[in-house]
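Make the full structure from the sequences, and use the hints.
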Amino acid sequence: MKAERRFAYLMMAPACLFLLLLVAYPVLLLVYNSFFDVPLIDPSRREFIGLGNYIDVLQSSRVRESAGRTLRYTAFALSFEMLFGFGAALIFSALGRRSKWHRTIFTLPLMIPPIVAGLLWRFLLAQNTGLVNNFLAAIGIIDSPSDIAWLSDPAIVLYAVALPDIWITTSFVALIVYAGLQNIPQDQIEAAKIDGASAIRRFWHITLPTLRPVIAVVLIIRGVDAAKTFDLIWIQTQGGPRFQSEVLSMNIYQRMVRYGDLGEASASATLFTIVMVIIAVIAYKKIWSPDNEK
Amino acid sequence: MKKTTMLMQGLAAATLLSGSLHAQTLNILVEGGGEMQQQAIADAFTAETGVEVNFTVVPYAGVFERLSTEIASGRSNFDLATIDVVWNAYFAPYLDPIDDLFTDEVLADLPLALVEDARVDGRYIGMPAWANAEILFYRTDLFEDPAEQAAFRDEYGYDLAPPTNWDEFRDVAVFFTRDTTGDGRTDLYGTDVKGAFSEEWMAHVLQAGSPGVILDDDNNVIIDNDEHVAALEFYVGLHCEYQVSPGGVLETGWAEAQNLFNQGNTAMMRFWGHAYKQIPEDAVVAGNVGAAPMIAGEAGIAAIPGPWYNVIPSTSAQKELAREFIAFAIANNHLGIDSPLGLAATNSAYERYATEPGNEHYFPLMETLGANATRGRPLHEDFQEIVDEAVLPALQEALECRRAPADILSDARRWVEDIL
Amino acid sequence: MRNNAFSSRQIGLSLAALAIVVVYALPYIYLVSTSLKPASQVLQIPPSFWPQTVTLENYTRILGTATVPGSFANSVIVALTSTFLALVLAVPAAYGASFFRVRLSIYFMMFALITRMVPTVSLGVPLFTILKDVGLLDTHLGLILAHTTISLPLAVWLMSAFFESIPRELEEAARMDGCNRFQSFFLVVLPLVSSGMAIAALFCFIASWNEFLFALLLTADQAKTTPIVIAEFRTAYGLDWGPMTALATLYSLPVILITLLLQKQIIGGLTFGAVKG
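Just so you know, the protein sequences line up as chains A, B and C, in that order.
Heads up: the first sequence begins at 105 in my numbering, then just goes up one per residue.
Heads up: the second sequence begins at 174 in my numbering, then just goes up one per residue.
Heads up: the third sequence begins at 92 in my numbering, then just goes up one per residue.
Source of the hints: derived by calculation from the structure; they are not laboratory data.
Treat the hints with care, since some could be wrong.
To give an idea of the interface, some chain B residues facing chain A are shown, with a C-beta separation under 7 Å as derived from the structure [claimed, not checked]:
id : residue
1  : 238
2  : 419
3  : 540
4  : 566
5  : 569
Derived pair list, reagent style EDC-like, types lysine to aspartate or glutamate, alpha-carbon separation capped at 20 Å [to be verified]:
id : chain 1 : residue 1 : chain 2 : residue 2
6  : A       : 106       : C       : 263
7  : A       : 389       : C       : 255
8  : C       : 223       : A       : 146
9  : A       : 106       : C       : 260
10 : C       : 223       : C       : 312
11 : C       : 223       : B       : 397
12 : B       : 492       : B       : 318
Just so you know, even glycine gets a beta-carbon here, dropped at the ideal spot from N, CA and C.
This is how it looks when you write it as structure tokens:
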């Protein structure tokens, strides 16, 4: 037992060392900086101000609003990814082996660089020249290609910038759910059919419960990624108009890189990290723990 | 005469250098436009001195980000950087002064606004590499059409011509906004209104006679003074009241406005001078574009200059070489004229080419840059933050047409004061 | 009767699937189509989906620049090396953590998961100063290390799912036959997860290939990758859509080809990791 433990630790050590050096240490540096008034351009000009940055951050309406937007963005992107992903997976699954090519094409957006997806959708959603509005105008849904301001109407911009996110990651959800569906024992379904259960009842009582762990994994992985989103929104709107599409990581980036306020940016980044880590730990305990199931 | 002397100086400096330096490389941080504008100058510099010039091209925001992080870390990959004027004040404490490069000759050859923007806290910290300003572009096929001219005179009682002031501009814009195909939709607009950037509104603020934009010379907040309000009412009115601009004003930035004009959707466009040379040969409006100075308000013609400056970071490893390059670049400033942007900083460079066909926009550009009311944005280290956090949001709120410009600006005043 | 109903349901499903796929593929096709348009048609009002005249001028223009081929090479070098590094570190670690279930392994897995939660921007700026101090800024190695902070946890989690699916008896049997722990790992267990390793490698590769923010912060010239070059088409003077779409098409081509070639393994591995994880 002891030899086994030593061997296991030996195997983990290099990766552990790497993560300590290149993740844990930078994060500590971040936390350290959060207690100082320190300009990015000249880190030697620092002044210890204790929790001053944290007070500023928590009192700032801009930070609070961007945190709220991060939540709304994540919820919006996630629910549509789940909805579309589930729908596509159910259709593919019903088609069985004949859906091979559909699934192949469906995988492609997953591989497209987010920066390309963001630029492409900015191009598609542009107000006068964009394909989407011109198409909607051509089929008569809107009067003129300038009617919907996808990327500049404060009421909808936060949801419009999520479209490329939904586009590139619905496939991720669909493929995972599809695989989960293949794992459902056919005899259970058949048995339920014989008992006269309707398709909806079968979905509700057999499919969904079996898929629960799959759904949890997807929700966590996608949820974290959506909450961290930066480049995709940045390339589309830079957070505008009037910050209506600014999410937390952009707020931090803006404060740090554009205004050079390393201290305050570090404080909000630290808070952001703490919240994410708490969520991660809770999720982790729910999904992966040596004691339950297996 | 002047040009020859400057050239000689450049050559002299170059000859001095070539004796002592071999196979050296000068590293310059630039934005895409900076490379275009300075490649010819760099080639000449290499030919004269043997020093290779290596441009590191980054996106617009990347120039600021890269340079701040370079300075932050104490060592530098770049001997020289070409930066937008809006960053001059922020970087000034970390730049080497180059007062001695502003000789009488150089000073005499530069528009005053450019010289003022080069000086922060009494020190010259950057040399203009090229300058730009918004001028007025208009469709000659529309303005010179006798039928249009007659119709305009009937309606407004004066002759149709490129507008020179706010009222004329509005009249002409309203006149040309129409449905040309008869399908009930407006497809030709008088002009565009840009909601993604605030510089155009700032130009109108100066035209109205404000002593500065957002801040005055003593850094007092003046964003809600009468001139700012009047300019915002005029600017927003074009969109909200007169509807002479295509929809999507909040999404309209420089690239979008330029495209609308080139595609023939707008009759006039206030735009940076370089757009004149960038009209594609197969564009709808190709061959039918005229250029005029920026329009005037009560204080006359005014614009916000858009110069870029060559600066030497205090972390630069080859400061002497960088100074030589700056001296060479300003002495040979006209070499940049052949770039796709076709811009220069000195009056002599523009004058030298202004009479050539295809350069009809140079005189309007020089007149606008040299106008009395033309002046740079405040040289304040937080100006970028002020624009991002207060000015642009205020402009965008005004363009939503719901609240009065005066109220919006007095709110914006509080935001600006918070930042300061 | 029954047969008819069956087939019409099938036809309906097929049509639905086809519709989804078409809607899904259209944006990408539009990207490719735009890249084949001459400058004057790119921003035409109203836009047309297909080019009226097909031209390769956007492609010749970007390939003629000095930055594009170099950045492609950088992307390949950084993505391949960081993938290799991530696997070398992650495969043994995942094995140690998931196969033996020792007490500390749960903390290790947690640590790896938490790493994923740290916002890239929070990690990027301290990394900048660290890399600067050791002289690794704007080098391949610097960016490789940064990208490995993303791909290592990813690989650890994927691989641990694969290791868990392997019966422990196999490893024990190998040691009965006289193998030591290293030998049984390399000779018995690793071959069983080779397809899993291919999947992990692919995902690490794509993570690095598509990464933007680290590359933006940590490279300048020598190690600049293609996503940065793509974003650079947006200059202070406008956005050059034609060449940008051409470069975006070229850059996504390799991963799309890999995806098509390894379709079965990717879907298998991706879903296997997540479902079993």
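Now the hints, each set against the structure:
1. 238: The hint holds - residue 238 (chain B) has a Cβ within 7 Å of chain A, the shortest such distance being about 5 Å.
2. 419: holds, 6 Å
3. 540: Nearest chain A Cβ about 32 Å off; hint violated.
4. 566: OK, holds: residue 566 (chain B) within 7 Å of chain A, min 4 Å.
5. 569: Interface hint status for residue 569 (chain B): holds (5 Å vs cutoff 7 Å).
6. A:106 with C:263: Distance of about 16 Å is within 20 Å: holds.
7. A:389 with C:255: holds, 18 Å
8. C:223 with A:146: holds, 14 Å
9. A:106 with C:260: The given pair, whose Cα atoms are some 19 Å apart, holds under the 20 Å limit.
10. C:223 with C:312: holds, 15 Å
11. C:223 with B:397: Violated, because 44 Å separates the two Cα atoms, which is more than 20 Å.
12. B:492 with B:318: violated, 57 Å
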